[in-house]
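Residues per chain, in single letters:
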Amino acid sequence: MDNPTLLSRIRARFPQAVRSSTEFRGALSIDLHADAYADLVTWLRDEPTLRYDFLENICGVDYLGRTPRFEVVAHLVSMQHLHRVCLKVGLPEHNPTIASLTPLFATANYQERETYDLLGIIFTGHPSLTRILMPDDWIGHPQRKDHPLGDEEVAFTFNQEQIYARKPFARE
Amino acid sequence: MMLQVPTPQEITAPALAGQSETMVLNIGPHHPSTHGVLRLVVELDGEIVVNLAPDVGFLHTGIEKTMESKTYQKAVVLTDRMDYLAPLSNNFCYALTVEQLMGVEIPQRAQVIRVLLVELQRISSHLVWLGTHALDLAAMSVFLYAMREREQILDIFELVSGARMMTSYIRVGGLAYELPAEFMPTVDTFLQRMPSHIDEYESLLTGNPLWLERTVGVGVVDADAAMAFGLTGANLRATGIPYDVRKALPYSGYETYDFEIPIGKRGDNYDRYRVRMAEMRQSVRIARQAWERLREMPPGDYMTRDRKVAPPPKEEITHSMESLIHHFKLWTEGFKPPRGDTYLSIESPRGILGCYIVSDGGPKPWRVHFRSPSFINLQALSHMSRGRMVADLIALIASLDPVLGEVDR
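These protein sequence lines map, in sequence, to chains B and U.
Residues 248 to 419, numbered by this note's numbering, are exactly what the first sequence covers, in order.
Residues 2 to 410, numbered by this note's numbering, are exactly what the second sequence covers, in order.
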């Protein structure tokens, strides 16, 4: 399997799905429309001549200042053809929503929860989209570019009571 | 088949509402058997695990976020802190990804040294796994033997980098410093001794009836479920799938080394044990080949000569204006990779360690994401432990070999 063949097969099967594609350092990245994403991944996984049967990575990127602001990036591997493809879906700043891959690949579960937790991207169809790395009562999504580094106040013995009094869990 | 990974709330909610006949047991976050700061919420029927939810995030330090505020070269230090049992593999993965982003060529000799060191790292990481796994099943002596050999590997790392664990030795563009003269004989002695040490561990465990009783048929995961959960490394190969990135999509010249991929059949604790033991032997084999190659190479080439990436040697700075400028630019501003994004994965001791970097053309990465194998492997824990005893669950955590620093990053 090589990059042009794969791309032409995808274009033939899903004429409306591909927004653009780039090849950088020998790796193929395909920019998709959000509505075609899950169908395309299902087809890539199940088509006997392709068999992209391993979802290696799924993560999100915040391109603050660009439209669309967010991007979900998935890397699929075909263990049979030893080929990797990168799928990207741009998502808007307000209510970034995309179909979950967890029904297709169980491995997407934690990775999508992480992306939701850190970037605030919503995966519809995910069985339990909750925070995973940050505390449950955390406000905001720290991996976003407009979330400043070092925003969290450091609690020392002399000021910890004041700081904790401002926390959401103090109001419960 | 839908493979569920429950959240802690899904298990605790029915119990708190009093709707459940089963008992909920909380293990951790601090517990000697969890190999780090991991909390397990276990639903029990007597001593049988009905359901289980790992609760992670206690060690979340925002490494990916912090990297966005550091220059590419300075961010290497943070990679050590992810998988603290295999810092060199993390350095290696990150450095390779940045090099791919920049399109830099690394000297042959530096590539050979990198392979030699990460294979030693694989042995040392597997030794910690072996020791703690045996300790969890009450075989105390194996732990002491494993730590003894690991100490020798850490001595080698101390020799090359000055640090035993947080090495930061593999840098973007090559290696941090030249190898010391004692390196070659020390590694030679170690590689000569190591195979007999592996025999020693195997003589204690492989045919031991107690060991067999506790590992054979425990924590079975079949190939389909392993693929779905994204299990990688020895956990995947124990199910019979011979997928190793070093063979499948080789990097750093792995295609030129002669080695085999050990696989298992049943995907139980015993197969994972056999695969990792065999992997240690293969690592010794690769390290020996790298050592032979290194012996033929004249010293000196440990860093790329591309002055836009690697700083010039100190003695050049005293007489070359251009070198001084390069030195100054590299340490104050850093290098600027072209705009773009790239992903690369390596076979770390725990599985596929991937790194995704987005560059906006500036001296700091726009986004760094690590596909950490421990984080993803941990999802299979509930599937593997359902229907087993609590004591088996403890053995299972050790068998999956997660490092919590890498899970939470």
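Calculated directly from the structure, the hints in this document are not laboratory data.
Given the structure is predicted, the values throughout are model-derived calculations rather than measurements.
Incorrect hints may appear among the rest.
To be verified - In silico SDA-like links for lysine to any residue, alpha-carbon gap of 25 Å or less:
# : chain 1 : residue 1 : chain 2 : residue 2
1 : U       : Lys71     : B       : Leu329
2 : U       : Lys266    : B       : Trp385
3 : B       : Lys335    : U       : Leu213
4 : U       : Lys315    : U       : Gly301
5 : U       : Lys66     : B       : Trp385
6 : U       : Lys365    : U       : Pro33
7 : B       : Lys335    : B       : Glu408
8 : U       : Lys266    : U       : Leu213
These are the hints, each one checked on the structure:
Between Lys71/U and Leu329/B the alpha-carbon distance is near 34 Å, which puts this suggested pair outside the 25 Å criterion. Only pairs whose Cα atoms come within 25 Å are accepted, and Lys266/U paired with Trp385/B is rejected, the gap being roughly 44 Å. The hinted pair formed by Lys335/B and Leu213/U fails the criterion: a straight-line CA distance of about 46 Å is larger than 25 Å. Of the supplied pair hints, the one linking Lys315/U and Gly301/U holds, its CA atoms being roughly 14 Å apart against a limit of 25 Å.
Pair hint Lys66/U plus Trp385/B holds up; C-alpha atoms about 16 Å apart against a cutoff of 25 Å. In summary, the hint linking Lys365/U to Pro33/U is not supported, as the alpha carbons are separated by about 39 Å, beyond the 25 Å threshold. Distance restraint check for Lys335/B and Glu408/B: the Cα-Cα separation of roughly 45 Å exceeds the 25 Å cut-off, and the hinted pair is therefore not satisfied. The suggested pairing of Lys266/U with Leu213/U holds, with an alpha-carbon distance near 15 Å, which does not exceed 25 Å.
Hints 1, 2, 3, 6 and 7 from the earlier list are contradicted by this structure; the remaining hints agree with it.
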